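Could you slot chain B onto chain A? The hints should help.
Going down the list, the sequences are from chains A and B.
Each residue of the first sequence is one higher than the last, beginning at 166 in our numbering.
Each residue of the second sequence is one higher than the last, beginning at 4 in our numbering.
No lab work stands behind these hints: they were computed from the structure.
It should be emphasised that the depicted structure is a prediction, and the values quoted were computed from it without experimental measurement.
Be a bit skeptical, because a hint or two may be false.
What the hints assert, rightly or not - Subject to a maximum C-alpha distance of 20 Å in a straight line, what follows is the list of computed DMTMM-like cross-link-like pairs (lysine to aspartate or glutamate): (1) K173/B - E22/B; (2) K242/A - D20/B; (3) K26/B - D213/A; (4) K26/B - D38/B; (5) K173/B - D20/B; (6) K239/A - E121/B; (7) K23/B - E240/A; (8) K242/A - E22/B.
Stated by the list, open to error - Which chain B residues stay away from chain A? Per the calculated CB distances, all over 12 Å, these: (9) G59; (10) T64; (11) R93; (12) L115; (13) S139; (14) V160; (15) L171; (16) M203.
We put the CB at the ideal spot given by N, CA and C, even for glycine.
What follows is the residue order along each chain.
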Amino acid sequence: MSNEHDSVVVKHEDNEGSLRSYVTGFLLSIALTLCAYLMVVHRVSTNDWVIAAIIGLALIQFLVQMFYFLHLGKETKPRWKLFVLIFMITIVLILVFGSIWIMNNLNHRMTPEQINTYLNNQGGGF
Amino acid sequence: MSDASTPAASLRLSGTDHEKNSKTVFGFWVYIMTDCVLFASLFATYAVLHHNIFGGPSGQTLFSLPNVLTETLILLTSSFTCGLGILAARANHKNKVLFWFLITFLLGIAFLSLELTEFRHLVITGNSWRRSGFLSAFFTLVGTHGLHISIGLLWLVVLLGKIFSGGLSKNNLRQLTLFSIFWHFLDIIWIFIFTIVYLMGSLGK
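Excised from the complex, chain B in its bound form:
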């Protein structure tokens, strides 16, 4: 640290810093992959149970596709604005970072409230997770995704607070990078929920 003023030393320093960063990113990537296995087991449960409607309604009668399409587009846009936020962070524009991640946060809130509205409607009309094996699997799978989104939003609030008060420090930048990986990954999981649960469900398969 003390001889960081000479070009060679500072170069070496930034090299090891970067190495440390890419190790952190790689470790986080491995966590994401294990999370994928968690989701895969829930998808498998859903695939096995989705015919077991126990005399209750099937996905064909329950799902409202326009509503789900809105959720999908909202989440996709938030994934995009998250990417724009990362670009702004690399360019060191603090205000732009705050702007784009605030948009990401608001879109995430919009997604979550649409999802909770759907859940609430299902429970009120008597189709909660207790109704059938299909609905148990549905609530567990989609609910776990929603839980990830909620945790992501909580993380984002804390990060935005830290950036607002402390600026774009190295630590905050690394956290932002990890958050963006997490957020893109949740969008990718949602593609499969959208296709397998909602689209295929409304086809009656």
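Looking at chain A on its own, in the form it has when it is part of the complex:
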């Protein structure tokens, strides 16, 4: 009986945020957004570094909102939501980086110079 009671109480907590978690998430998100914005507006460094930094800030903000707004870390075991999330992230990474990789490769192979070189090497047989 007490076991059942415990499990109900624990389950009840897992979706619940507190005022403090929402306020923390909100303030952190605003700070991260402004930080990224100011870095871009003032061009604090070379383009590549700024891009690396704002992508980093976006990923941090993703984690902040997942944790403070969607309360992902408070899920009890088994953590199905987390598993689905990780699976989704895997698919997304394959999809995005796979597309960029394939299309860059294709562009690289299909430049006019490359085609001319190829045709010349073949003795202009086409």
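Chain B alone, transformed into the frame defined by chain A:
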């Protein structure tokens, strides 16, 4: 249902109720994750096409960053007020729930009108989705997010009506929880649109 008056039975009842709720929430979560895959394919399209400006303007000349920052902060605040609404719903304060979700709704409308103003300006100046591969990808990605926001707002209006007339029933509470997940998720997608499309676009990358 009939023996719900005894403590043990009511406890069991609330337990299964909660289980049913958490299954619904989990199912909705899986839908959200598949929606993420939809957005990922649009992001991939954008990443591949954003150099193909076909002699037209690039993001560097088109985007107005202060405008986009305003949109971002509006959406972020609406995500926050949505969270406050959920807290009020858990505490069973009907008026507070209506207040916070009304604020969320108005902020959503403000976001959507800013976005549509931007789209309208782009189309009027001849830079619609027909202009280049870059703009097609841009309109599809940002437009799909905007469409999600519109659907969310429609959902919210219906929910507010139901809560206003029917109060905070179990069913309405569950719907509110699902809506809040949807709304937070749209804010998370926007972080990446803000960073990848607008910020990186204005850096000329």
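Evaluation of the provided hints:
no., hint, result
1, K173/B - E22/B, "holds (13 Å)"
2, K242/A - D20/B, "holds (19 Å)"
3, K26/B - D213/A, "violated (44 Å)"
4, K26/B - D38/B, "holds (18 Å)"
5, K173/B - D20/B, "holds (10 Å)"
6, K239/A - E121/B, "violated (39 Å)"
7, K23/B - E240/A, "holds (16 Å)"
8, K242/A - E22/B, "holds (14 Å)"
9, G59, "holds (19 Å)"
10, T64, "holds (15 Å)"
11, R93, "violated (7 Å)"
12, L115, "holds (19 Å)"
13, S139, "holds (15 Å)"
14, V160, "holds (22 Å)"
15, L171, "holds (16 Å)"
16, M203, "violated (6 Å)"
Hint compliance for this structure: hints 3, 6, 11, 16 are broken, all remaining hints hold.
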